[in-house]
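Heads up: the sequence lines are chains A and B, in that order.
Mapping of the first sequence onto the numbering used here: position 60 corresponds to residue 60, and the numbering continues sequentially without gaps.
Mapping of the second sequence onto the numbering used here: position 32 corresponds to residue 32, and the numbering continues sequentially without gaps.
Quick caveat, the hints were computed from the structure, so don't treat them as lab data.
We put the beta carbon where it would ideally sit given N, CA and C, even for glycine.
Check before you lean on any hint, since a few could be wrong.
Calculated cross-link-like contacts (lysine-lysine; reagent style DSS-like; alpha-carbon spacing at most 25 Å) [what the hints assert, rightly or not]:
#1 B:LYS447 with A:LYS162
#2 B:LYS517 with A:LYS32
#3 A:LYS223 with B:LYS954
For each label pair, taking beta carbons as the anchor points, the in silico distance ranges come out as [stated by the list, open to error]:
#4 B:ASN952 with A:LYS257: 26 to 32 Å
#5 A:LYS237 with B:GLN978: 31 to 37 Å
#6 B:GLN1106 with A:LEU260: 56 to 62 Å
#7 B:GLN978 with A:VAL238: 28 to 34 Å
#8 B:VAL874 with A:ALA94: 23 to 29 Å
#9 A:LYS162 with B:LYS398: 27 to 33 Å
Heads up, incomplete: computed chain B residues facing chain A, CB under 8 Å, no partners named [what the hints assert, rightly or not]:
#10 GLY462
#11 GLN479
#12 LYS878
#13 MET880
#14 SER881
#15 HIS910
#16 MET926
#17 CYS935
#18 PRO940
#19 LEU945
#20 PRO949
#21 ILE1166
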Amino acid sequence: MAAQQGDVDELFDVKNAYYIGSYQQCINEAQKVKPTSPEKETERDMFLYRAYIAQRKYAVVLDDIKTNSPPELQAVRMFAEYLSSQNKRDAIVADLDKKMAKSVDAANTTFLLMAGSIYYHEMNTDAALRTLHQGESLECMAMTIQVLLSLDRVDLARKELKKMQEQDEDATLTQLATAWVNIAVGGEKLQDAYYIFQEMSDKYSSTLLLLNGQAACYMAQNKWEEAEGVLQEALDKVTSRYLSQLKDAHRAHPFLKDYLAKENEFDRLVMQYAPTATA
Amino acid sequence: MLTKFETKSARVKGLSFHPKRPWVLASLHNGVIQLWDYRMCTLIDKFDEHDGPVRGIDFHKQQPLFVSGGDDYKIKVWNYKLRRCLFTLLGHLDYIRTTFFHHEYPWILSASDDQTIRIWNWQSRTCVCVLTGHNHYVMCAQFHPSEDLVVSASLDQTVRVWDISGLRKKNLSPGAVETEVRGISGVDLFGASDAVVKHVLEGHDRGVNWAAFHPSMPLIVSGADDRQVKIWRMNESKAWELDTCRGHYNNVSCAVFHPRQELILSNSEDKSIRVWDMSKRTGVQTFRRDHDRFWVLGAHPNLNLFAAGHDSGMIVFKLERERPAYAVHGNMLYYVKDRFLRQLDFNSSKDTAVMQLRSGSKFPVFSMSYNPAENAVLLCTRATNLENSTYDLYSIPKESDSQNPDAPEGKRSSGLTAVWVARNRFAVLDRMHSLLIKNLKNEIVKKVQVPSCEEIFYAGTGSLLLRDADGVTLFDVQQKRSLATVKIAKVKYVVWSADTSHVALLAKHAIMICNRKLESLCNIHENIRVKSGAWDESGVFIYTTSNHIKYALTSGDHGIIRTLDLPIYVTRVRGNSVYCLDRECRPRVLTIDPTEYRFKLALVNRKYDEVLHMVRNAKLVGQSIIAYLQKKGYPEVALHFVKDEKTRFSLALECGNIEVALEAAKALDERSCWERLGEAALLQGHHQVVEMCYQRTKNFDKLTFLYLITGNLAKLRKMMKIAEIRKDMSGHYQAALYLGDVTERVRILKNCGQKSLAYLTAATHGLDEEETVKNHSYVFLKVHSDINAIAAKGKAGQMAADLDMDAPGGEGWGDDAELQLDEDGFMDAQEGLGDEGVGREEGGGWEVEEDLDLPPELDLPAGAGGGAEDGFFVPPTKGMSPTQMWCNNSQLPVDHILAGSFETAMRLLHDQVGVVNFGPYKSLFMQTLSRGRTCYLGLPSLPCLRSHPQRNWKDCGAKQGLPAVGLRLSDLISRLQQCYQLTTSGRFEEAVERFRVILLSVPLLVVDNKQEIAEAQQLITICREYIVGLTMETERKKLPKDTLDQQKRLCEMAAYFTHCNLQPVHMVLVLRTALNLFFKLRNFKTAAGFARRLLELGPKPDVAQQTRKILAACEKTLTDAHQLNYDPHNPFDLCAASFVPLYRGRPVEKCPLSGACYSPPYKGQICRVTQVTEIGKDVIGLRVSPLQFR
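Same shape as in the complex, but just chain A (with noise of 0.2 Å):
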């Protein structure tokens, strides 16, 4: 690490709006910067083509990442594989599954980290981190601490916090890590997590990513009129192409998914009640 704290990062700017959710930005300076070595321009497209994912087009990302490409690009091909068609993923997983088995190869971050998502997506936590604690990147541990959260296990997450804060403390998935465990552990640290948005909107630019972390923040300090007002200007820089993709998207969105099986739920045991007379 000793070679990361003292180089600059020719990547900097390509990363950093990934991860603050700023994609074309990220797309624009990854076609931008002219990388140094060839593992650098890997490094690049791997970035460039996880934030053509993240946009939701996977076509383009399908389409670039031939048979010949590096096999870390052949990781990100097979995410966004996996995110573009709903039929094939169990097919995917179980081919993952089956590459998992063999001795993987830790230093291919990228797919680790691509493996981590897909079961996550699929909800295979334990799949998930067993994947991502074979990597010791940045990016492992902050997926590793978003899988521990959304298992409600805020204590091993601080740990894996703790790790990623001896490795850079002021990288930026340290900070947004950071903000996730204080919004998970709640009480004043919900400020703190609320300035670590503030304070990336400030140095770089706002993005939905960003101020959505701030409205959570604000609601879980009971602010909402505060939070309305952070949403709204986040709606406000949704275009509306983007709405109707957002909206899209709702379908599988975990809050939907969640709100349809309450649904159900609730309709289930409604019929375990009934009045003792009828009229």
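Start from chain A and add chain B according to the hints.
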């Protein structure tokens, strides 16, 4: 010690500050007196009349005068406005050492080597008193600033204090005549009455060079060749030596008291200036020069300024910085004053001391950095030796008593500058000039390698501006890299705009404005020191120099807004108010006129509507604005300002506005105007205007030519006629030539006597008439064709011009169109790409299948290996989610719904309020559930993270959480109003529905106190009463009213309705219905009862009047015609299902939630009011507050 100004000259022997203007007089050893402006750093004037060194110099406090005394024994009084010596006072017999004006009387005090001190009246220009007594050179003599005293110092080793009250009485008492004073040469003539020695101060053991009074205390300071500075105290009867300051190692030439602080300044031939603490008598500061001995000191009477004269010039200096340390955040100004951190609210002007600073540093706070997130400040203190500088990190107390603020413990460390870089990080530039990042505990988090750097400034989150010798670098602390650099020498302050899109870099004499990327937008040079600045809300930078408030636009335009008497430090600019701190640290608000820069800003931003609005409404006239506009290339805007036709005309010409110019020219009607207009119009091809101009100026030649080139032959012919009339032969001939009219030419030549030429012409074009005609037509053709060619060319030119006009437009349009095409093409391409992608996808899918085929055989053993690998990583089990905790922590149904635990929620509702039919609760459940969680994004492309807002988030810890409830009692109560309105407007069914939703929502409330529990229960009662009543009324309206029994039933129901507990406004309506029905049924007695109840409610006058009429009618026959099942005097409950009265004492079943009553047969059925609960069910009761479980 801060040097403000330095001069180089011959030895400076005398100095005097002007009390008001930024001037200082220096008298030189070479006989010259210099007048300097120390703020502008310029020599204003030189006075060279003395012969030999000038040692005494002094400004008069009010008049434009100064006095000087020199080695030529002369005292000269000068007027600096007239720039000459007014007169010379003669009398001293040796060098004159000092000359001073009296602050009040028209006196001059002079000290001389002739061992005398003399007092002169400069109005009568005579010597009024000679003070003798010293027996060696008198080196210095000064008036007391308020009393009738003089102090003098002499090489006889004494300091003397003289009482001159006698002199004042004698000369200045009413009735004193000038002549009486004349001829005072022998002071002792009338005894020692005029001026007597009061005290002789002996203590120096060498000659004394200087003595001065303290401005307010009875103290004297003296400096002598014994290298000592002595302080003396005196009272009415005696004077004694108080203390001695030792430290100079050569003759002390001058010593003065600091006008406002407990300090003494002295200077000496040992080439140093020393500052002494008066109370401790210790040296505080020493300032040395390498080669120059100091001779004289001067203190400014009002300002914190001093001057010192030495062998090769003088310096003007101050002892310490006067800039207050301050920081602005939002509406708050934080500043340091007298060891307190104060907070000023710009909006309310509330100024409070928020904390007391830790004492211990003798240096004032140099700079401040404020952190709004943590409400913490960094205060930097600079020591004389930079390496000893420190900073303090304080957390500002949240609440503080302004009168006696807390003094929180700060954290102090050494470092030149400390600046926040994030909410929990600050950067420190340490004395080794390396950069440390520290956290809130003041612990070093990391060290950052930076390019050479001597100062750091704030630059937004995560960034810093680093200053080195010749530039400023924007440095990203996280990435540890330089992002941009700009060249500017010695930046002192940095001011960011509110949105940090622009930054102003302030150096001593320069301002540079850059954007966020540190690209220089403009560069402004100032002759006077730049002091401070702030951005106004429209993006104009307002800054101050020592004597001006100025503005700068990012485009580089700058100018003066107003002048200042004293420097101020701008903290904020809003509208036309400039908020600032002055040197005494007082917050002030100055008003400025922002019109000029707003105007320029609007111009730069091309907001012409704004510009025109300002032009019309602001008083913006003036040559400077017009000249500015002209210079900046906006003559068309300037046009709007100008009333003066002449200027208007030239502006119009400048911007090519021929119409306006023509108008102006018509108004002016001057030959020169027409000529200029003609030229301009010709250039633009306005030949009609050109024609008019030529006509007005009677420029026939040009006019003729104009007609020729425009092909206007008819007019050309007219011109020929005019020329003929005017007897302008040459013009006439020329026109004929143009027209190709040979006969005319022959005629002209003949007429003017050029017969031979006429003949020659005729012969050239054919001898006889016919030939002439022939040739004539030939020539004519030729010329004419030329003319046509010219005309055609002109036309072509015009056409071409027209085309040119069109061409760019066409291109622009074309560009757009093409661009669109491109975009379309691109879109298409993308779509194509998409299609291809889809095609490939299938291919990819196939590939995957291919992959699938291979591994199964190979994979089984590897799979086992993978299993073994799992050994060291055990995936964690799922933790306890907040929602589970909510269920554990609460017995309130809503908390369970929010947690998504519908099963337990239903059980609770069932047990508490007897809900058995949950159908109607569905939407309430689902709505509530949605409120229970928020989603936010973690890593991109991953399912979002969830958070659970909790109502006790502040203090619940990890385990005690309870969900935030969106539904509030007050919301439900306010919704009641809508239901009332629906009721009033008779929309009963809708109203019932709404009431029911409120009723059903009540068990989903969470309230905090008993009062609210009662209110919630009351809310249920209200809803029940209305639902029962309105349902019954709806029912009643559906019933037939054909038979008497049917009518009786209707009346009964109307009567029961009046026993529902409704709002008065509704009760009035209900009672009226019942009254009317009963009246019609001739049940007058009961009707009268309704009427009385109605009147008690105080209905509207018309209703009341009618009711009284009916009541009167009823009272005539106070009987009931029919027997009804209604006894108003016997209290009853109403069965909500059958709508019959259940008189008290009879068995009744109640709804466990609404409390609605039912006759026993209905037990076990669904409550008609709530539609969810079971009638007569045994329950715990409504639970809406944790209080109910204690």
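- Query: Is the shortest C-beta separation between MET926 of chain B and chain A less than 8 Å?
  - Reply: Because about 6 Å separates MET926 of chain B from the closest Cβ in chain A, which is inside the 8 Å limit, the hint holds.
- PRO940 of chain B as an interface hint toward chain A, with CB separation required under 8 Å: Holds, because the Cβ-Cβ distance from PRO940 of chain B to chain A comes to roughly 4 Å (cut-off 8 Å).
- Message: Checking one constraint from the list: CA of LYS517 of chain B to CA of LYS32 of chain A, max 25 Å. Satisfied?
- Response: holds, 17 Å
- With respect to the beta-carbon atoms only, verify the hint that ASN952 of chain B and LYS257 of chain A lie 26 to 32 Å apart. For ASN952 of chain B and LYS257 of chain A the Cβ distance comes to about 29 Å; the hint holds.
- Quick one, is the PRO949 of chain B hint okay against chain A at 8 Å, beta carbons? holds, 5 Å
- Message: Given the hint of 56 to 62 Å, is the C-beta distance from GLN1106 of chain B to LEU260 of chain A inside that range or not?
- Response: Once the Cβ atoms are compared, 59 Å apart, the range 56 to 62 Å for LEU260 of chain A and GLN1106 of chain B holds.
- Message: Let's test the interface hint: is any C-beta of chain A closer than 8 Å to that of HIS910 of chain B?
- Response: Given a least distance of 6 Å, the restraint on HIS910 of chain B holds.
- Task: Identify whether the interface hint at SER881 of chain B stands, where standing means a beta carbon of chain A within less than 8 Å of its own.
- Result: Holds, because the Cβ-Cβ distance from SER881 of chain B to chain A comes to roughly 4 Å (cut-off 8 Å).
- So, GLY462 of chain B near chain A? Judge it on the closest CB pair being under 8 Å. This interface hint holds because 5 Å falls under the 8 Å limit.
- Message: The hint names ILE1166 of chain B as touching chain A; please verify it with the least Cβ-Cβ distance against 8 Å.
- Response: With Cβ-Cβ at 5 Å, under 8 Å, it holds.
- Within a Cα-Cα threshold of 25 Å, do LYS447 of chain B and LYS162 of chain A meet the stated pairing? This hinted pair holds, its Cα atoms lying about 20 Å apart.
- Message: Take the shortest C-beta to C-beta distance between GLN479 of chain B and chain A; is it under 8 Å?
- Response: Holds. Min distance 5 Å.
The structure shown violates none of the earlier numbered hints.
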